[in-house]
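Undergrad: Chains as they are written, first to last, in numbering that gives the first Met the number 0: chain E, 0 to 227; chain A, 0 to 415.
By construction, these hints were calculated from the structure, which means they are not laboratory data. Glycine residues also receive a C-beta, built at the ideal position from the N, C-alpha and C atoms. There's no promise every hint is true.
Output of the computed footprint for chain A on chain E, the stretches with three or more beta carbons under 8 Å from beta carbons of chain A [claimed, not checked]:
no., stretch
1, 6-12
2, 62-71
Residues from chain A that keep clear of chain E, each with C-beta distances beyond 10 Å, as calculated [claimed, not checked]:
no., residue
3, Gly77
4, Gln174
5, Arg249
6, Ile269
7, Ser315
8, Phe318
Take a look at the letters that make up each chain.
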Amino acid sequence: MTALLRAEGVSRVLPGPQPVTLVRDIDFALGAGEFVAVTGPSGSGKSSLLYLLGLLDRPTVGRVAIEGRDTAGMSDDELAGLRLARLGFVFQFHFLLPEFTTLDNLLIPMRRLGRWGEAEREERARALLASLGMAEAADKLPEQLSGGMRQRAAIARALANDPALLLADEPTGNLDTRNARIVFDIFERLVAEQGRSVVVVTHDQEQAARAPRQVRLVDGRIVHDSGA
Amino acid sequence: MPLALDIALGHLGRRKRQTLVSVLGVALGVGFFIGITALMRGFQTYFVRQVIDVAPHVVMKDEFRLPDVQPAAIAFAGGAVEVRGVKPRDTVRGIKEAGAKIAAVEVIPGVAVAPMLRGPALLRYGPRDTSVSIGGIEPERERRVTNIEKDMTEGRLEDLRATANGMIVGIGVAQRLGAEVGDTVTAVSPAGVAQSFRIVGIISTGVTAIDNSEAYVLLRLAQVLLDRPNVVNAIRMRLADVRQAEPLARRLETVFGYRTESWEESNRNILGLFVIQNAIMYSVVGAILLVAAFGIYNIISTVVHEKARDIAILKSLGFRAADIQRIFLLEGAMVGIAGAFAGWAVGLGLIELLAQVRFEQMGPVIQGRDRFLLAREWWPYLAGGGFALAAASVAAFIPARRASRLNPVEIVRGAA
């Protein structure tokens, strides 16, 4: 079976007078509809792994394949194209563009992709916001939203282009327990109802336990993978 | 609206004051360029037109550019013969067979020709005297070659023929002599001939050198006064198309041998001065625009620095480096375009303002004028606007490229 995402022998070393190894010898495969929580102590390389899996960063050694396509030989622009169409990112900080309303923030990746016409884009964006309980926030600026709402808006933007895989880097790091739960509720629904894959990096053990598959990283190595 | 433009507008909209200052900087550069260009070009075109109007376009003189080659040197070219102590033969100066040459030139379409004999003389009126350059002219031909008729403040050109021994003098000459139209002055030439003339007209060209030193009489009378019967020492031409002056001058000189100058050659020193003047003007205005460009660089740099997070997220969303670069180039271009438009308004206003300025005459520099001469042309608007846009684009290019090369991973890490 072709995995949605496959990493083989991936290491990432930051060059310099004293090279820093972020992750080493990672072998990891992700199928469609999987929900994975990546945990580990601070500095264990969780985020670095996520950026490698999400094609934001290139491995020093090893290779990452998306839907069976090796990304090693791809140009930066090709990687950007893959991120645009197939991947969605959520970070600890919401990174909504402050000049644009929530709706317009959602429309930005859709406009860049250009798969849908203008009317359809807006219809999809509003439906997406409604499905996350955010319908009334559509025309507000990010600064007018609460922290939890902003993070949900960021998730909605990550889903705008209907990605196969959602990658989340400490998405609940700035949220209270209630909002953290809401975010993980959304992730569960995305997997269960829409068959998307979700990889979430978190240090929140309680929420991480909700993911069916657990990956634990220590010093850049996978020390435990419940799904392997 | 294109996405990149939308984002660019959002960025600038957030920094209204700084954007405004940048736009203003460009506007001042463009505006001053337009205003000063109008001022300089106004004066320069006035001057050139004056030169073209007043003076003939091509003048054939009774001189040669190069001395005659000795017959011996021709006969024994490259030989061992050398002739020393040669003195040129004393010839009667003047253009030989002037009539035939005039007839030959006259058949060229669009060319008017007039002969002239010019020579020095002293004018006396009572106790006062002043030296003048007497021009012997044929009024019927002269009026088609120079604008002497237009410059006459008193009398008419025909009066030279209508009055016996009529003379037209420059206004400066008349003032020095204290003579008016109708007065009789005495002219004495270096040939020793003295003759009385009646002033029938006054000319005022606005060029002090001409007004203070020139006098015109009939060609025939000048030949008598200067004791050079039947001699003409200048053939002057006026062309329908002034741009043909230089080629025509070159052709006539090759055919006839006499030194023939176009108006451009005669005024080369002043035209050269204009080139320097323009160079100074363009460097000053260029400096203003350069400062404005630094302002644009500053604002775009600040935005790039401030928007590092936005750039990171756009990249992680799948924007390519070129997309990011386009956003910030657009911001620079928008400042440039807005500055250009505002600059047009500033330039237009500046010209109108300059047009209002009156100054008291400081000597007869340009007579009858108490305002700036302004050239209202469209090309400075285009050139200023184009230069502003180019400067803005170049200024935005460096920070835009930096933005496109930002590594989203580093920024996302730092923000967490």
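Undergrad: Which of the numbered hints are not met once you compare them with the structure shown?
TA: Those not satisfied are hints 1, 2, 7, 8.
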